[in-house]
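There are 2 protein chains.
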Amino acid sequence: MKKHNFSAGPCILPSEVLQEAANSVLNFDNLDLSLIEISHRSKNVVAVMDEAVALVKELLGVPEGYSVIFVQGGASLQFVMTPFNLMKAEGGKAAYLNTGTWSSKALKEAKRLGNAIEVASSKDKNFNYIPKGFEIPSDVDYFHTTSNNTIFGTQIKDFPKAEGLNVCDMSSDIFSRQINVADFDMIYAGAQKNMGPAGATVVIVKDEILGKTGRDIPAYLDYQIHIDKESMFNTPPVFSVYVSMLTLRWLKGIGGVAEMEKINQAKADLLYNEIDRNSKFYGTAEKEDRSNMNACFLAHEGVDTALFDEMWKAAGISGINGHRSVGGYRASMYNALPLESVQALVDVMQEFEKK
Amino acid sequence: MKKHNFSAGPCILPSEVLQEAANSVLNFDNLDLSLIEISHRSKNVVAVMDEAVALVKELLGVPEGYSVIFVQGGASLQFVMTPFNLMKAEGGKAAYLNTGTWSSKALKEAKRLGNAIEVASSKDKNFNYIPKGFEIPSDVDYFHTTSNNTIFGTQIKDFPKAEGLNVCDMSSDIFSRQINVADFDMIYAGAQKNMGPAGATVVIVKDEILGKTGRDIPAYLDYQIHIDKESMFNTPPVFSVYVSMLTLRWLKGIGGVAEMEKINQAKADLLYNEIDRNSKFYGTAEKEDRSNMNACFLAHEGVDTALFDEMWKAAGISGINGHRSVGGYRASMYNALPLESVQALVDVMQEFEKK
Ligand SMILES: Cc1ncc(COP(=O)(O)O)c(C=O)c1O
Ligand SMILES: Cc1ncc(COP(=O)(O)O)c(C=O)c1O
Ligand SMILES: [Mg+2]
Ligand SMILES: [Mg+2]
Ligand SMILES: [Mg+2]
Ligand SMILES: [Mg+2]
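In the order they appear, the protein sequences are chains A and B. With UniProt numbering applied, the first sequence covers 1 to 355. With UniProt numbering applied, the second sequence covers 1 to 355.
Hint data in this document are derived by calculation from the structure and do not stem from the laboratory. Please read all numbers here as calculations on a predicted model, not as lab measurements.
Simulated crosslink set (DSS-like; lysine-lysine; CA at most 30 Å straight-line): (1) A:Lys-212 to B:Lys-111; (2) A:Lys-132 to A:Lys-93; (3) A:Lys-111 to B:Lys-111; (4) A:Lys-157 to A:Lys-105.
Each pair of labels, with its calculated beta carbon distance range: (5) B:Glu-310 to A:Lys-108: 56 to 62 Å; (6) A:Pro-63 to B:Lys-355: 53 to 59 Å; (7) A:Gly-302 to B:Asp-207: 46 to 52 Å; (8) A:Ile-254 to B:Lys-105: 40 to 46 Å; (9) B:Ala-182 to A:Leu-339: 54 to 60 Å; (10) B:Asp-276 to A:Lys-2: 54 to 60 Å.
Even for Gly, the Cβ is constructed at its ideal location relative to N, Cα and C.
I would like the entire structure built from these sequences, with the hints used as guidance.
Structure representation (structure tokens):
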């Protein structure tokens with residue numbers, strides 16, 4: 001029996017996508033060859049890359065003047081590539097909103113290349129809220145946010161906007177809700193939440209912002225090179241891009257991001273209502289900043305969590321252990337997680353309350 | 001019918017590996033979860049990473065004092081990481097042997113960070129030989145070679161040795177022949193030839209050479225960080241590492257690198273003998289420098305290649321079109337290509353000669 005997979009990432013993917021991915025590992029496009037043993041320059045793999053890019057553009061409504069590329073290295077390499085591409089070589093300045101572990105790591109990389117400042121931080125309360133009402137200096141090259149804080153279960157609902165360029169790490173909520181791409185100059189996201197297997201990262205970047213820093217950028221780190229070579233500057237992570245493409249096809253099939261957002265809202269409402277209602281548990285994030293992707297909750301003092309742990313495991317639930325930075329539980333409800341899985345967890349929570 | 005797959009990379013993998021990879025995409029380790037939808041920190045994925053590293057060490061006889069890591073970004077990111085980690089920040093100097101497109105690209109990245117020189121080049125003859133008898137300055141931080149030139153079909157048989165550190169890009173012949181790892185301070189290789197799918201790169205590095213440049217290295221580019229985090233600094237390319245691990249298990253099963261080398265020698269002898277014997281074709285690389293992985297050959301003037309192309313396609317052969325830099329044909333005979341596939345190509349060449 002398939003598990004109720006609440007893993008925080010890499011995470012659940014649609015079962016029809018997994019089936020098709022497995023088939024293509026054996027025989028891709030009826031070529032009598034595996035997807036993973038043919039040239040990335042073959043017309044079939046180029047078609048996969050093109051469709052993946054087209055689906056990203058269509059599903060997010062990417063306006064004219066933006067490029068979409070797939071690169072390797074995860075979001076962590078984007079922490080490095082962002083300042084290399086956007087921070088001026090002389091007198092470079094960037095501002096970061098620090099909402100958790102990932103924002104902190106991104107900021108650290110920018111500091112190596114120039115004057116990167118933290119405009120606000122929620123570290124004082126273990127990142128359980130999104131800072132608001134702060135000032136962003138008007139003279140920064142770019143301002144960086146993290147849309148969803150995978151570890152601490154908070155999510156930006158109203159994006160603050162800087163006068164300079166606006167850059168966002170959307171690794172853990174891209175394609176989960178509607179966003180206005182035109183509000184951003186650059187968006188990046190590791191595939192391994194709502195898109196596909198680890199190993200690919202999507203970058204959506206406004207073309208006109210590139211090439212303006214005066215930096216000599218190493219080739220692999222240069223967005224313009226990946227754009228010019230249509231993500232084939234070097235051998236791309238073919239399998240990860242292919243499975244991402246399949247997942248985006250699936251998303252389009254269920255009605256796109258607007259429809260997905262409704263389903264995700266229903267899942268989040270179901271679980272957060274139960275966390276609030278249930279006398280044994282409480283949520284850790286401020287209510288108004290709660291993430292619809294990652295719900296972090298703790299048991300009240302004195303609650304027998306060993307029994308609860310036994311019960312959810314017996315119900316076929318997996319992946320709800322909290323991150324060590326928060327403890328307790330973290331139920332990640334990415335796109336491919338069905339409402340039934342959330343219901344299964346809620347059922348266990350209710351059963352447990354009665355014991 | 002499975003094709004005779006001579007692709008230059010990504011390239012043929014053992015069919016039992018493909019079968020097991022497909023199974024694990026559906027249900028990994030009987031977890032009732034896919035390999036690509038579970039946490040990289042789960043004990044099953046950590047076990048995959050550990051086994052992959054152990055197999056690299058065992059199969060290549062990696063001595064004590066070396067670390068083995070898997071990173072993303074392909075060999076192209078190693079072109080960047082090499083100088084970042086090994087070239088001194090002040091007065092850094094490196095030497096490169098230029099034997100083809102990949103060496104040239106590697107050299108270009110080093111030049112951005114310091115004084116990188118070309119000690120010798122075979123560009124004068126379209127890289128159809130390996131330069132010999134050149135001097136390597138004794139004061140360079142490191143000396144870089146490319147063991148096998150995938151595009152031009154040449155291979156270093158006797159590695160020149162520098163007084164400084166010796167670094168080698170073995171992307172297209174690692175695990176194909178015995179090497180003495182102790183002769184090198186660092187070896188890197190993209191997975192997508194003899195190891196697995198695109199998306200993972202293996203780096204074998206002598207621990208004591210790191211941390212000596214005085215450079216502030218971006219986290220993702222820092223070998224020491226990947227070593228300290230056992231290739232889990234960030235989400236690793238799980239699928240690519242897993243399939244690489246399966247391929248290395250397969251290699252161990254057939255008797256390891258020593259046995260593989262004999263098989264590869266037999267395949268190369270079979271094809272090169274035919275290229276030499278056959279009146280319609282000739283090889284492009286100098287005989288003493290011929291690659292056992294990639295055999296490049298051209299048809300003599302006036303030969304009807306359209307007919308030949310029809311014939312090999314009809315025989316179920318794929319991937320032997322030459323790279324545009326050389327033209328003609330390139331038959332790549334990586335580890336997983338069976339001798340029977342080479343025989344099939346030789347048969348077609350002989351049949352064609354008689355027409
Ligand atoms: C919001 C966010 N940013 C960045 C990262 C780091 O991603 P990667 O492991 O692909 O480098 C993660 C990983 O979980 C994340 O959730
Ligand atoms: C010898 C060699 N080095 C480097 C590369 C570049 O590798 P990647 O595409 O993984 O960056 C290749 C690719 O074919 C290669 O054959
Ligand atoms: Mg976080
Ligand atoms: Mg409660
Ligand atoms: Mg070459
Ligand atoms: Mg001949």
